[in-house]
Amino acid sequence: DQQVKQNSPSLSVQEGRISILNCDYTNSMFDYFLWYKKYPAEGPTFLISISSIKDKNEDGRFTVFLNKSAKHLSLHIVPSQPGDSAVYFCAAREHNTNAGKSTFGDGTTLTVKP
Amino acid sequence: DTGVSQDPRHKITKRGQNVTFRCDPISEHNRLYWYRQTLGQGPEFLTYFQNEAQLEKSRLLSDRFSAERPKGSFSTLEIQRTEQGDSAMYLCASTPQGGISGELFFGEGSRLTVL
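Sequences listed follow chains A and B, in order. Going by this note's numbering, the first sequence opens with residue 1, and the numbers climb by one from there. Going by this note's numbering, the second sequence opens with residue 1001, and the numbers climb by one from there.
Calculated directly from the structure, the hints in this document are not laboratory data. One or more hints might be untrue.
As the list claims (entries may be wrong) - Mimicking BS3-like on lysine-lysine, the simulated pairs with C-alpha atoms at most 30 Å apart in a straight line are:
1. 54/A / 71/A
2. 1014/B / 1057/B
3. 101/A / 56/A
4. 101/A / 1011/B
5. 101/A / 68/A
6. 101/A / 5/A
7. 5/A / 1057/B
8. 1071/B / 101/A
9. 5/A / 54/A
10. 1071/B / 1011/B
11. 56/A / 113/A
12. 5/A / 68/A
13. 1057/B / 101/A
14. 113/A / 5/A
15. 71/A / 1057/B
All chains, please: the whole structure from these sequences, using the hints.
Shown next, in the form of structure tokens:
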């Protein structure tokens, strides 16, 4: 039973356009959601997070939206740049668990074409 | 570089051999995590240390796996009698005490190939 799902294995967008990466979850006990970016041969790096008490968090070109009723979150990147090409993981943390124990989705590979 | 460091980066071994991975976390981080990532999947939680105490272990961590963090600094993950199914990327991560969101600082990983 996969609690965090990223249904699109890959996404290709043109440079300058918006990239939208989606993530669905099933566990109502998740209280924090995080996005990580991973380049080949490197470990994942933290990108942005959102608490379950918010519906939007913005950091520069990156915005995460949370729809709790739909158990859905999305990461918007605008404008997309070729350097954004990477694998993006959605992760979720359960309330009252140790802070770093997250459940990850299987990732979406984003390709931004020049 | 003061990030999380893992060694070795790649280990190739024969089935049945023992392997050990080392992780040096960010120095001021007292929480250390091991995750495992197989091809096409996201990282899966294995175990967690706060200082030298191992506070949580996933049921993914069979009795062939053991992790330690002596003196609350570096950590080792040992796999005994390796099986082909153990082939994966083993990721170490650390977080500071008091972090709210649980942002993980990952190392570059140790890739294990069991022949």
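Status of each hint after checking the structure:
1. 54/A / 71/A: Holds: residue 54/A and residue 71/A sit about 13 Å apart, inside 30 Å.
2. 1014/B / 1057/B: Status holds; Cα separation ~26 Å.
3. 101/A / 56/A: holds (23 Å)
4. 101/A / 1011/B: Roughly 26 Å separates the two Cα atoms, so the pair holds.
5. 101/A / 68/A: Satisfied, since the Cα-Cα distance of roughly 20 Å is no more than 30 Å.
6. 101/A / 5/A: Holds, at about 17 Å.
7. 5/A / 1057/B: holds (23 Å)
8. 1071/B / 101/A: holds (22 Å)
9. 5/A / 54/A: holds (20 Å)
10. 1071/B / 1011/B: Cα-Cα ~26 Å, so holds.
11. 56/A / 113/A: Given that 30 Å is the threshold and the Cα spacing comes to 27 Å, the pair holds.
12. 5/A / 68/A: holds (15 Å)
13. 1057/B / 101/A: holds (11 Å)
14. 113/A / 5/A: At roughly 25 Å apart (the allowed maximum being 30 Å), residue 5/A and residue 113/A satisfy the hint.
15. 71/A / 1057/B: Roughly 27 Å separates the two Cα atoms, so the pair holds.
This entry satisfies every hint, going by the numbered hints stated previously.
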